[in-house]
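*Asks:* Single-letter residue listing:
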Amino acid sequence: MDRRKFLTILGSTVAALGSAHLFSATPSYGRKLGTLKKAYTFFTQAESEFIEAAVARLIPADELGPGALEADVPYFIDQQLSGEYGAGARFYNQGPFGATTPYQGYQLALTPRQLYRAGIAATDQYCEETYGKRFAQLDPEKQDEVLKGLQGIAGDISLKDVPGTTFFNHLLSDTKDGFFSDPAYGGNKDMIGWKLVGFPGVPAMYMGLIGRNEPYHVEPVDLRSLQEAKAPVDEHGHVIHRRAAIPRPTTAPTSRPVDSSNSDDSRPEPSFAV
Amino acid sequence: MTTTLKPVDVVIIGVGWAGSILAKELAQTGLKVVGLERGGNRRQEDFTLPGIHDQLKYDRRLELFENLSRTTLTFRNTTREVARPMRRHGPFPWGEGVGGAGLHWAGWTWRMTPWDFQIKSQTIARYGERMLPEDSTIQDWPITYDELEPYYDKFEYTLGISGKAGNLKGEIQPGGNPFEGKRAREYPNPPLKRSYGETLFANATRELGYHPFPMPAAQMSQPYKNPDGVTLGACVYCGYCMNTGCEVMAKAVPQTTTLPVALKTGNFEIRTHAAVTRINTSGNRAISVTYFDGQGRELEQPADLILLTAFTWSNTHLLLVSGIGKPYNPATGTGVVGKNYSWHNALPYIPLYYDEGHIFNPFMGAGALGTVIADFQGDNFDHTGLGFIGGNILAAIAMGHGPLTFQPTPPGTPSWGSEWKKALAHYYTRTIQIIGLHDHLSYRGNYMDLDPNYRDIYGNPLLRLTYDYGPNERRMSEYLVSVGDKIAKAMRPSKYAVYGLDAHFNAGASYGIIHQVGGAITGTTPANSVVNKYLQSWDVPNLFVIGASSFPQISSFNPTGTVGALAYFAADAIKNKYLKNPGPLVPS
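Protein chains in written order, with the numbering used here: chain B, 1 to 274; chain P, 1001 to 1588.
Next comes chain B alone, as it looks inside the complex (with noise of 0.2 Å):
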């Protein structure tokens, strides 16, 4: 049975605010590529490039504020390689190794330091061959349509050595992961993720506040603030939040005929491990 028959979607009753500037948007917060300041431990030279092209169009900088390079997500991504997550200690990695359904789950011989070697090769060798540039050179919008065609939603790129979709799930997930974690990790710079969803980040007490339709507009509080003892406390060692200087703006996604030309209209990733 397919769930898609199963799909229903109210239009929305919203009207459209404003007009989207999607990709088209100047990236004014940006840095230049390659001026980063942190070092890297796993990626060489040419992958960083690539890497940090790549998160600047998965979570750009645009009219809503810094992106993915801004926050610092290279790096996360990095660090998690350099670490137990890239060896894949905790997976299960002995063969034999063959022929899988689609129902399998993740079943091939490479660790995510491995997947994003050859993924990253097989990549900037199809730009060359397609375009005669590697992607950290080509302009955006081909950046995009490579990206969509190694998700398989247009274009479907085969890479030699190493299934796209697979490469491109691994590149959105550390990119958001890197996105959201805690600043500890070497990502979410500034807490930007936080902030950009009005998230709080580590301390919680909303003993008053729950059940209550009100927006809490604070300054999020990160691990290290903690562990230095620079948030304020209350008398219990319980933090309290500062109230945001300024409110976080949203506008509604505007809600015409969804363009469909980047999205995999999967389920989406739902929240509700019990």
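A few of these clues could be false.
Stated by the list, open to error - Within a straight-line C-alpha distance of at most 30 Å, the following computed DSS-like cross-link-like pairs (lysine-lysine) qualify: (1) B:K230 <-> B:K195; (2) B:K189 <-> P:K1057; (3) P:K1057 <-> B:K230; (4) P:K1006 <-> P:K1577.
Hints listed in this document are in silico derivations from the structure and should not be mistaken for laboratory results.
Here the structure is a predicted model, which means the values were calculated and not measured.
Dock chain P against chain B, hints included.
*Replies:* Quick look at chain P alone, frame taken from chain B:
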């Protein structure tokens, strides 16, 4: 070279809810009890601020869950396929370490209903034999709800469950679940506060004529002292509940309830990093267990009584590798070990997206903060002509969601780029989730056995799972999606979606619902079960197998409440029947 250790009275394999309850109950009688736990130690004081509030560590890297490099299971949808290992955690990761699943759980603490215990006979009585779906292997429990009621009560009071009774001694109570079985007394604590999203759900479902009530939660709505004298704190709705411990001791876990009491007796010792590889038998007696410790030594621990209280996978796996009981064969339908595996996932899943005038602040919450209807659960509605049996509980939840795991965007939104970013920034605080947990029948082809191709690091074959959704679940999905659609419309969001079951179970899907049952099921005879009603092995009477592995099928209710009740029920039988006269408690 195996070293044989000094015998003890009782060995417990797996120190989670079931193991810690049995340890407490038996150590209090003066018996010497050793608990073997293959994971590491986890103490309450390890769960402190600020480090505990770390989504990457606990929710994404799954710190408290199985290290799959040591062992995993293999998976296939049907016997025609070659099973492949779950190399990474998928929709149902499983825990390891002291506390087990009882440490990382969300705290939804349900009782099953009388119908759940008699699913087969009540279906036949109301609709006739032909309502039983083809190839389903469901069976009644040998235990009734009424027999288990005092033990549910004991578990709920040990944990300090926050909730509202719906049926007190046969009298329906306003605000509770009117469909629940009779309970002897009210919950020990009042319900948690209700989140704003739940209020919308409660109002909408009440308008539709349904009966919303608060989820029974293992988070304390107020400070609580349990009957064993242990004190728990009040929930602060911090939102970091699932997949980790609780820094204010507001979530009932073995570390905050049963374990300290068991350890205080002086008769209970926990050995961590102790991976049991075999239960050794001689004739029809279990004589010892073999395990590897953290130093790589192979040790043999003799004991008079052996309690297998690990997770569903491990209980079944250890029986199979130890050659205890006859393995189930789906081709012939004979054998019992590994039979009647079932699992349930979300059916339906309904995200609702609002724009003006509604803010839900998803980071505020508690693991079991939810408002529920059971109007479509079990046989609470007439199934005549519907073509399926069973149903679901449907809950609006405020479990506490940081943006690392909760990234709601309306259907059709791209999964990256500026449009995604804009949608997420807007909807993170304006989205609520409703999920259903559904009955899932057991089928002839859904089972566990030993894999012929893959091994764990101790040299044992991996457990192999063969599983897919059955025809009953597919028809149920169609119906429950239509119910979900009606409720979603009544809640008047700007946008919503209602998702039913996918085409097949997918081991590569993201983390959802953990509940695994079956494999060492309880029944009335050795031909239809692995254990008798007291969870005692039919083949080896000094071995008890306690946990969700004993469920003949999964119900729509999370299993932990029933696992806890069964643990107290089995402890009672061991203390008051078995120890007085060691031997089979039910004639075979």
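*Asks:* With reference to the structure, classify each hint as holding or not holding.
*Replies:* Comparing the hints with the structure gives:
1. B:K230 <-> B:K195: Distance of about 19 Å is within 30 Å: holds.
2. B:K189 <-> P:K1057: Holds: K189 of chain B and K1057 of chain P sit about 18 Å apart, inside 30 Å.
3. P:K1057 <-> B:K230: Holds, at roughly 23 Å.
4. P:K1006 <-> P:K1577: Status holds; Cα separation ~26 Å.
This entry satisfies every hint, going by the numbered hints stated previously.
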